[in-house]
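Student: What follows is the residue order along each chain.
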Amino acid sequence: MKIAVVMKLVPDLVEELEIDEEKARLDTTWLRLVANEPDEHALEQALLLKEQLDAEVIVLGMDGDGMDDLLVTAAAKGADRIIKLTGADGDTLNNHAVARLLEPAIRELGADLVMTGVQAHDDLDGAVGPLLAGLLGWPCVSYVSGVVLEGAGCDVRKEFPGGLVVEMEVDLPAVLGIQSAPQPPRYVAVSRVRQVMKTTEVEEHPVGAVDDRGAAEVQALRRPSVGERASMLEGDEREAADQLVAILQKAGVL
Amino acid sequence: MSYEAAKSAVVLAGLVVAGGIFGLTAYRLLWVNLRAGRPSGPLGGWWRRFLGLMTYVGGQRRLFRLPVPGIAHFLIFWGFVLLALTIVEAILEGLLALRDPDYLIPVLGDWGPLAFAQDVAAALVAGAVLYALYVRLVVDPERYRASHKSQGVIVLGFILTIVVSLLIMNGAGIELGEDPVAEWRPVSDVVGQGFAGLGDGALEVVVEVAYWIHLLVVLVFLVELPRGKHFHVVTSIPAVLLRNLEPPGRLPAVRESNGAPGVGAIEHFTWRQMLDFYTCTECGRCQDACPAHAAGLPLSPKLLMMELRDRLKERGDGQELLSGGAAEDAVWSCVTCLACDQECPLFIEHVTPIVELRRHLVVEGAMDHQLQQALENLGRYGNSFGQSERARAKWTKDLGEPVKDARREPVEYLWFVGDYASYHPAVAGITRTTAEVFGEAGLDFGILYDGERNAGNDVRRVGEEGLFEMLVEDVVGSLEGCEYEAVVTTDPHSYNTLSHEYPMNGRPVLHYTELLDRLISAGDLVLPRPIGSRVTYHDPCYLGRYNGVYSPPRRVLAAAGCEVVEMPRHGDRAFCCGAGGGRIWMEEGPMTERPAVMRVREALALDDVEALVVSCPKDYVMFQDALKTVDHGNGLVVKDLIEVIREAL
Amino acid sequence: MSRDIYVVVEHREGLVEDISFVGLAAARAMAEGIGGEVVAVVLGDGRLIEGLAADRAIVVEDPALSEYNPEAYVAALEAILADELPRALLAGDTSVGAEVAGLLSARLDLPLVNRCVGVRAEGETLGFTAQICGGKILVDGLLPEPTVLVTVVPGGFAVEEGKSETAPSAQTGPRPTLDELRVRVRGHIEPDVGDVDISRESVLIGVGRGIQQEDTVELADELAGALGGAVCASRPVVDQGWLPTSRLVGKSGRRVKPSVYLALGISGAPEHVEGMADSGLIVAVNTDPTAPIYDVAQYGIEMDINDLLPTLLERVQEAKG
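Chains as they are written, first to last, in the working numbering: chain G, 159 to 412; chain C, 14 to 662; chain V, 9 to 329.
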């Protein structure tokens with residue numbers, strides 16, 4: 159059983175996001191990139207499966223800022239192979255292009271199961287998972303919060319809005335978009351990462367030409383204007399609290 | 014064969030058997046097991062070590078932290094040192110019985126003053142043992158819970174038997190008129206009068222029976238000694254002599270076995286730590302002082318030592334030491350407040366082994382989710398709050414006077430603000446007040462702004478050594494570009510690690526209470542409006558116990574016109590707020606009562622005290638929070654020391 | 009090229025999901041601009057066309073479509089799109105719509121735009137606004153021609169605008185063979201409501217990352233008690249372990265519709281807004297004046313919640329007497 163985990167980096171929302179002068183991209187001066195959280199859950203789910211049965215976990219990512227660190231951390235957590243796809247600027251590719259570059263790589267690896275985060279907050283042209291599944295012609299279930307492997311298929315728990323969970327059986331090979339693993343992504347000690355950094359090689363897998371059709375043309379990025387709908391209550395704590403109490407009284411809850 | 018010949022033979026055989034068993038056991042425990050441990054650091058400072066031995070073993074100084082049990086133990090210890098000679102005497106006389114049954118060894122057997130000392134010592138020991146039995150059987154304090162009670166009682170019985178049989182032997186001897194120094198043995202004389210009616214033959218029998226009981230118990234005791242807590246009689250001497258002389262605030266570097274850091278198996282401890290495990294007397298003073306234990310968490314430093322000793326004795330090869338559950342929970346419960354180490358009469362270290370065990374768990378990834386989150390935040394942002402480093406100096410925004418950026422211009426004092434003072438919403442006001450007071454005092458100071466990181470004191474104590482090293486690199490990197498004469502910090506935790514675990518190149522690190530104390534005594538900071546209120550002061554663990562800073566904050570409070578009323582537990586006995594050692598980042602676990610709440614109650618119990626003054630941002634947060642859950646009708650408030658100074662300005 | 013706008017109607021347990029009404033409202037804005045029709049695509053149960061604000065509906069009924077199955081949905085939609093390609097196909101940016109749209113985009117080589125919060129017609133051209141980075145950044149762009157797939161998030165269009173008193177005229181769509189599906193539904197697990205079923209509360213106090221400390225949850229709980237409601241949370245608070253998952257509101261949590269929702273320190277990421285946008289009265293307290301929560305809130309207070317909460321609690325208790 160080979161499980162391929164596709165991971166990427168996204169801007170850290172803890173930082174104030176700035177937009178560059180052309181309004182075309184995020185300003186990278188203060189941008190901090192972090193592993194996409196659902197991708198971390200996908201890795202955790204894969205590692206849990208590896209612990210339960212004899213599975214090989216292969217982590218893939220597009221070459222770009224911070225990808226080596228992300229891959230080495232994945233290896234420190236227990237991934238068997240770490241591969242970065244080189245030859246394309248991973249920082250600027252849209253998800254359609256990424257999915258097209260991943261497709262032959264996944265086939266070449268002979269993966270039985272691909273897991274990736276259900277989405278990334280900077281997706282603009284859909285999440286990678288369903289796009290990749292569509293290209294591979296494999297079944298796809300996303301918003302998954304639990305995976306059990308059995309024989310030629312796997313059982314997954316798919317989440318729906320409102321908290322409903324549906325159990326589905328999926329034939330392999332398949333692509334799963336992971337919402338959350340049964341347990342939070344594991345912690346890996348800094349010393350272990352440093353050790354793995356010295357002993358583990360990041361495999362490089364050159365990719366072919368980039369085909370990025372499938373996304374919309376972006377005119378501009380902007381920050382939401384202040385309170386497009388909300389009317390702001392002014393004043394200090396006391397004044398604001400008084401106005402709020404009046405509103406609550408009017409709404410009939412007080 | 015004559016009785017005398019048999020006596021010699023039996024004594025000899027007994028000696029060989031008991032001595033052999035003792036020797037073999039001691040060989041296995043002290044030689045084989047200790048050699049399996051990791052090497053301990055180099056030993057030096059022999060004069061200091063010798064003085065320590067005299068003070069703490071000879072003088073039994075730390076035992077007097079509990080006065081009456083301390084006196085009792087002192088009497089038993091010194092009584093036994095004197096009585097050890099009578100044991101030697103008894104054995105030699107037994108061995109020489111064949112030559113001359115009435116032979117008296119010179120000095121040991123016939124020197125009056127020695128006989129007198131021994132006679133009195135025997136009586137005092139008997140009294141002290143009776144008191145000890147009373148404590149164990151009747152008082153039975155909580156600290157003895159789960160100690161080997163029957164073992165303790167049996168050994169006390171041995172000691173009592175040894176001294177009583179000695180007194181009977183000597184007393185009957187006096188009655189027989191055989192004792193040349195009879196007038197030197199007033200206690201034995203009294204005991205002997207109990208046999209006054211007996212004839213010589215019967216008295217002879219009494220002497221011999223007492224002799225045999227005496228000797229037999231001595232030999233059984235010898236066999237029993239290495240098997241339990243009384244092994245400390247032997248191991249305490251090397252344990253105290255070879256104790257760790259490094260400051261308690263400096264943890265040892267990580268040691269690795271086969272690339273695995275920390276302690277995952279009993280053999281991963283150093284031989285010196287192993288010696289500590291044998292030396293535990295199960296007295297439970299550590300447990301009494303332990304805030305985690307008081308809070309109902311599954312940690313008792315005493316039980317941990319006993320557990321480790323048991324694991325060491327029944328050592329298998331490389332057996333995993335912690336297998337989840339209660340043992341792991343115990344290790345995570347520690348607040349590293351050092352109260353246990355401070356209380357231990359024999360300088361056993363508890364905190365360091367706990368950190369070593371944590372180092373192993375961290376590499377295994379075995380920790381609770383909240384701690385994991387905090388460590389991830391610390392790794393990514395350099396603070397546990399998961400906020401941007403750009404927000405670190407946000408508290409300076411509302412200040413009238415901008416704070417200097419120590420990276421851009423030289424300053425006299427580089428203020429290391431720390432995470433809680435920088436990010437915690439409840440502490441930001443205090444941090445601003447500190448800046449204002451520094452300003453009033455005309456201090457030339459600056460901060461590192463977004464160049465500051467968590468200094469890593471508690472990261473290290475959580476056992477995440479790699480992350481600690483990373484933080485040290487970052488902080489040192491920021492400091493390197495700065496011109497400053499001293500570091501001042503409001504955070505005792507940063508103070509500790511910066512003082513002991515950072516390469517400061519001779520630059521002093523000051524806690525703000527020390528700095529204020531200096532400014533006041535030099536006349537640079539004048540407090541014109543003494544407030545005249547009664548306050549109590551909480552000693553932060555990492556300022557007090559770890560670094561011995563007790564009087565500067567009290568002097569500062571006095572200068573501000575405060576009358577400092579002490580809580581029952583103050584100074585080196587101060588009771589931790591429960592936040593240390595990374596506990597503030599972990600899930601609380603099932604506590605009966607939080608340490609901070611207990612501490613606030615202690616302050617509330619004082620008469621007419623207006624404020625609980627703290628000098629640590631974490632204390633402020635913990636006690637503020639605790640006060641909410643406690644009825645405080647008398648209006649006690651938690652104040653940072655700087656707020657008191659502000660009022661007095 | 010057709011000028012029609014198709015909307016995939018999402019439904020569960022016999023009820024149309026609110027996000028589909030949002031989609032219909034967005035479709036209306038687009039169709040009006042370019043002169044096309046709004047077409048509701050209903051898979052599984054034709055009766056659900058009742059109340060949809062669409063010009064017509066395409067209905068495909070098949071036992072395999074009675075509840076959502078990605079394989080069946082994609083096959084059915086592929087067959088519909090094979091008949092005629094609309095100007096746009098809209099779906100909710102949900103665990104149904106996002107999955108289906110992605111698969112269709114790759115299989116049919118159609119462009120895709122996700123997290124759409126606004127659309128506009130400029131002559132023949134259609135523009136969109138999408139939310140990224142948890143709603144902190146808006147992206148304006150043009151919807152590619154001739155056909156585009158779009159997934160929508162709540163916030164830009166009111167649910168009511170997608171509803172109608174009547175039903176659109178229905179036509180039956182092509183019915184592909186739907187046996188031997190590679191994904192099969194095995195069963196349902198109903199959500200764990202925990203101690204409090206937040207979906208039934210009429211007053212909710214939502215707490216988010218901005219509360220910064222666990223103690224604030226207690227204060228918020230007191231406030232909820234005073235207002236006769238309960239406390240719920242966004243993802244970061246639940247991840248911290250400060251509240252159980254049963255209190256999570258949003259995409260992976262519960263969907264709530266209280267009459268009053270007080271959002272404290274919640275920035276308003278789409279994942280959260282999805283779960284609470286339909287609340288009656290929304291009041292948001294946040295230090296960031298650009299926080300997207302103010303887009304769905306009627307009232308806002310730009311303040312640190314830890315500064316406001318003690319005073320607010322006091323005032324509410326006074327008001328109660």
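Misleading hints may appear alongside valid ones.
Stated by the list, open to error - Label pairs and their in silico Cβ distance ranges:
#: 1; chain 1: C; residue 1: G536; chain 2: G; residue 2: E174; range: 25 to 35 Å
#: 2; chain 1: C; residue 1: A499; chain 2: G; residue 2: D249; range: 54 to 64 Å
#: 3; chain 1: C; residue 1: R421; chain 2: G; residue 2: Q210; range: 49 to 59 Å
#: 4; chain 1: C; residue 1: D323; chain 2: G; residue 2: E359; range: 53 to 63 Å
#: 5; chain 1: V; residue 1: D53; chain 2: C; residue 2: H382; range: 38 to 48 Å
Hint data in this document are derived by calculation from the structure and do not stem from the laboratory.
C-beta atoms are modelled at their ideal positions from N, C-alpha and C, and glycine is treated no differently.
Student: Should the hint that V:D53 and C:H382 are 38 to 48 Å apart at their CB atoms be regarded as holding?
Tutor: The hint (38 to 48 Å, Cβ to Cβ) holds, given that V:D53 and C:H382 are roughly 42 Å apart.
Student: With respect to the beta-carbon atoms only, verify the hint that C:A499 and G:D249 lie 54 to 64 Å apart.
Tutor: violated, 44 Å
Student: Quick check on a hinted range of 25 to 35 Å for C:G536 and G:E174, using CB atoms only.
Tutor: violated, 45 Å
Student: Within 53 to 63 Å or not, the Cβ separation of C:D323 and G:E359?
Tutor: Distance hint for C:D323, G:E359 is violated at roughly 45 Å.
Student: Given a hint of 49 to 59 Å, does the C-beta separation of C:R421 and G:Q210 actually sit inside it?
Tutor: holds, 55 Å
The structure is inconsistent with the numbered hints 1, 2 and 4, although it conforms to all the rest.
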